[in-house]
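Trainee: Spelled out, the chains give:
Number of protein chains: 2
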Amino acid sequence: MTELKNDRYLRALLKQDVDKTPVWMMRQAGRYLPEYKEVRAQAGDFMSLCRNADLACEVTLQPLRRFDLDAAILFSDILTIPDAMGLGLYFAEGEGPKLKRPITCKKDVDNLIMPDPEGELQYVMNAVRTIRRELKGAVPLIGFAGSPWTLATYMVEGGSSKAFTKIKKMAFCEPQLLHTLLDKLADSVIDYLNAQIAAGAQSVMVFDTWGGVLSPRDYKDFSLQYMTKIVDGLQRTYEGKKIPVTLFTKNGGQWLEAIADTGCDAIGLDWTIDMASAKARVGDRVVLQGNMDPSMLYASPERIREEVATILASFGKGGGHVFNLGHGIHLDVPPENAKVFVDAVHELSPQYHL
Amino acid sequence: MTELKNDRYLRALLKQDVDKTPVWMMRQAGRYLPEYKEVRAQAGDFMSLCRNADLACEVTLQPLRRFDLDAAILFSDILTIPDAMGLGLYFAEGEGPKLKRPITCKKDVDNLIMPDPEGELQYVMNAVRTIRRELKGAVPLIGFAGSPWTLATYMVEGGSSKAFTKIKKMAFCEPQLLHTLLDKLADSVIDYLNAQIAAGAQSVMVFDTWGGVLSPRDYKDFSLQYMTKIVDGLQRTYEGKKIPVTLFTKNGGQWLEAIADTGCDAIGLDWTIDMASAKARVGDRVVLQGNMDPSMLYASPERIREEVATILASFGKGGGHVFNLGHGIHLDVPPENAKVFVDAVHELSPQYHL
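These protein sequences, in sequence, are chains X and H.
Read left to right, the first sequence gives residues 6 to 359 (my numbering).
Read left to right, the second sequence gives residues 6 to 359 (my numbering).
No lab work stands behind these hints: they were computed from the structure.
Think of the CB as a built atom: it goes at the ideal place given N, C-alpha and C, for glycine as much as any other residue.
There's no promise every hint is true.
Claimed, not checked - Result set (DMTMM-like, lysine to aspartate or glutamate): computed pairs, CA atoms no more than 25 Å apart in a straight line:
| no. | chain 1 | residue 1 | chain 2 | residue 2 |
| --- | --- | --- | --- | --- |
| 1 | H | K174 | X | E307 |
| 2 | H | K344 | X | E179 |
| 3 | X | K167 | H | D82 |
| 4 | H | K284 | X | E307 |
| 5 | H | K171 | X | E307 |
| 6 | H | K174 | H | D196 |
| 7 | X | K171 | H | E100 |
| 8 | X | K171 | H | E311 |
| 9 | X | K111 | H | D337 |
| 10 | H | K284 | X | E262 |
Unchecked claim - Simulated DEER-style distance windows between Cβ atoms:
| no. | chain 1 | residue 1 | chain 2 | residue 2 | range |
| --- | --- | --- | --- | --- | --- |
| 11 | X | G49 | H | G91 | 30 to 36 Å |
| 12 | X | Q21 | H | G91 | 58 to 64 Å |
| 13 | X | G124 | H | R290 | 32 to 38 Å |
| 14 | H | E98 | X | G333 | 28 to 34 Å |
| 15 | X | A281 | H | G91 | 41 to 47 Å |
| 16 | H | R71 | X | Y95 | 41 to 47 Å |
| 17 | H | P39 | X | G333 | 47 to 53 Å |
| 18 | X | D188 | H | K20 | 27 to 33 Å |
| 19 | H | K20 | X | A168 | 29 to 35 Å |
| 20 | X | D266 | H | K111 | 32 to 38 Å |
| 21 | X | D266 | H | K225 | 45 to 51 Å |
| 22 | H | Q21 | X | T109 | 45 to 51 Å |
Given the sequences, and given the hints that come with them, work out the whole structure.
Mentor: Now the structure itself:
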């Protein structure tokens, strides 16, 4: 494989010296870019775009042409696994993801097929291989998956949820059934991410979008336990290179110590926690990724730069920080504001790496 | 006024000895009760129910007939103030609250009328007076209001929101305009709660449902600053009796110390924080209210009792705990499970008050 031209992101994740703080944006490939919308229209629906390696590669690379990003992230969806397990993923316009055959009982859990990453999910691996090749070593490629708990919420609720009624009923009334489901999902995520690593992903991230709706005890029991299993099951070195793993629990700021205990390399932070206090709590053990409010990209260039400066100062001197938004970029953000953000991180950060 | 027959809730808020941990439920009057649905159907729409003092009183008292609750809470809505300010509140079926004339610019903010609690909002005070009288001293009556930030989210977004795009744009691009709005709201909430106190509320609570979507700095600037102003502006003693004030920021577990600094008497906790750690952080300064996941009421009686026992043990010995759910009771909870919850608190807590 080609040597990396820009390895700032991987170096930061391994706590090695960098010249500037690396930066990328969650959902950096997406609907806020007009060129994305063109490719999406060409592909038809969202999943057709994910299933087409060339088009998935094209949209993955689009933000890198506009912005000086330090990493690319596979264009895909966390619900590829539930879909491959036979639940029938589709996207209802304006309503978010839906599953045709949600989990309702033990039989549904027992009947789940364990997807083969180079079988039902080969389209994802093909996208990883294509993107890695087409990146030509410009920046590293991040692979990803949803956390077992987060995947289970969609699989039990049948789609997005506000109150998580069904899965919480299952958690409290049939915990063993939920544990069986989560364990299957953890095994599947391990296979899936290891296959992404074999296909070319140089770092992986687990998105636990909904862990934050749980109590501390339930979070540890139903979400963190299975992310720990994933961290333990991943190939942390591939072809002689370390593969860093980042865990991100939205609204998980209260549980950073426990997340660091998993043995992950980095923790993704949303914007509800102060970077300085996160660093004081776990910064000697893990790298921190984040944590600007994505809504800040609605503000003026001056205000965006000011916020970047504040977060950089809050983290302070030294390595171990990957700049990012605290959640995915909003779909109505002006792309020029994303450029202001990315450039500000690079312009304002060298003083912290002297 | 009649002497209170059950003052356990007020005693706990004042850190006085109690025989058992007091308990009430946020949204204890509401749609999970069939008798509520009957009165609601009789009233017509939701706001007609709020505006009718006799019917508002009836639904306030309904849960007290079923459950051994230690407090009643005024049946009303946090959006009475924006409505009285002229924004035109209505409830679209299945869509939650909407405002016909949301705030879009400086003129809209300048044009807001400051509602007179005994004028446009007199229907609320009439409800307070009626409920206080009809309670006949059984338990204390809690008055409430929304926090300025939370009210402002509805006023700027025009209703419920997921990403809070419009108000965050305002916060970042026109902070002075938002501060003007928040300051007006704080003044209005002070008048409104003081009028509720004069009308008979024996304790007041401020609901900051959406403070948790802000960064720590923005939370302090746009939400907590105005709750502090409210705490300072409230009549903390009325006719010789202390009027305790409780602040509740959903997803505010990371900011307990700052919330305690407002000088409030109690902090409402959602279920994402462990009671023991909350007590360790601020329990010497404020009373803690909470914090069972409302979804636990979907579980079996045994599981509900187990969870109550866990939270009681987590708080441990001594006063300063008001048991509650960590958010409003869900509308599809079986009423008998709510009874199990309330009874469990009373049955299992005396050992902590010896």
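Trainee: Next step is simple, just say for each hint if it's right about the structure.
Mentor: Going through the hints against the structure:
For the hint linking H/K174 to X/E307, the alpha-carbon distance of about 14 Å falls within 25 Å, and the restraint holds. For the suggested pair H/K344 and X/E179, the alpha carbons sit about 22 Å apart, so the restraint of at most 25 Å is met. A C-alpha spacing of about 20 Å is found between X/K167 and H/D82, which places the hinted pair at or below 25 Å, so the restraint holds. Distance hint between H/K284 and X/E307 is unfulfilled; the C-alpha atoms sit about 41 Å from each other, more than 25 Å.
For a cut-off of 25 Å, the pair hint linking H/K171 to X/E307 stands: about 19 Å separates their Cα positions. Among the hinted pairs, H/K174 with H/D196 is inconsistent with the structure: their alpha-carbon atoms are about 29 Å apart, more than 25 Å. With a CA separation close to 20 Å, the supplied pair X/K171 and H/E100 stays within the 25 Å bound. A threshold of 25 Å between alpha carbons decides the hint, and for X/K171 with H/E311 the separation of about 20 Å falls inside it, so the pair holds.
For the hint linking X/K111 to H/D337, the alpha-carbon distance of about 23 Å falls within 25 Å, and the restraint holds. For a cut-off of 25 Å, the pair hint linking H/K284 to X/E262 stands: about 19 Å separates their Cα positions. Checked against the hint of 30 to 36 Å, the pair X/G49 and H/G91 fails, with Cβ atoms roughly 47 Å apart. Against the hinted window of 58 to 64 Å, the Cβ-Cβ separation of X/Q21 and H/G91 comes to about 59 Å, which satisfies the hint.
Range check, X/G124 to H/R290: about 58 Å between beta-carbon atoms, so the 32 to 38 Å window is missed. For the pair H/E98 and X/G333, the supplied restraint of 28 to 34 Å holds, since their beta-carbon distance comes to about 31 Å. The hint said 41 to 47 Å for the Cβ distance between X/A281 and H/G91, and at roughly 43 Å that hint holds. Range check, H/R71 to X/Y95: Cβ separation about 43 Å, and the 41 to 47 Å hint holds.
In this structure, H/P39 and X/G333 break the distance hint of 47 to 53 Å, their C-beta atoms being roughly 42 Å apart. At about 45 Å, the beta-carbon gap between X/D188 and H/K20 misses the expected band of 27 to 33 Å. A beta carbon spacing of about 34 Å between H/K20 and X/A168 agrees with the range 29 to 35 Å that was offered as a hint. With their beta carbons about 50 Å apart, X/D266 and H/K111 fall outside the hinted range of 32 to 38 Å.
Checked against the hint of 45 to 51 Å, the pair X/D266 and H/K225 fails, with Cβ atoms roughly 30 Å apart. Against the hinted window of 45 to 51 Å, the Cβ-Cβ separation of H/Q21 and X/T109 comes to about 49 Å, which satisfies the hint.
Hints 4, 6, 11, 13, 17, 18, 20 and 21 from the list above are not met by this structure, while the remaining hints are.
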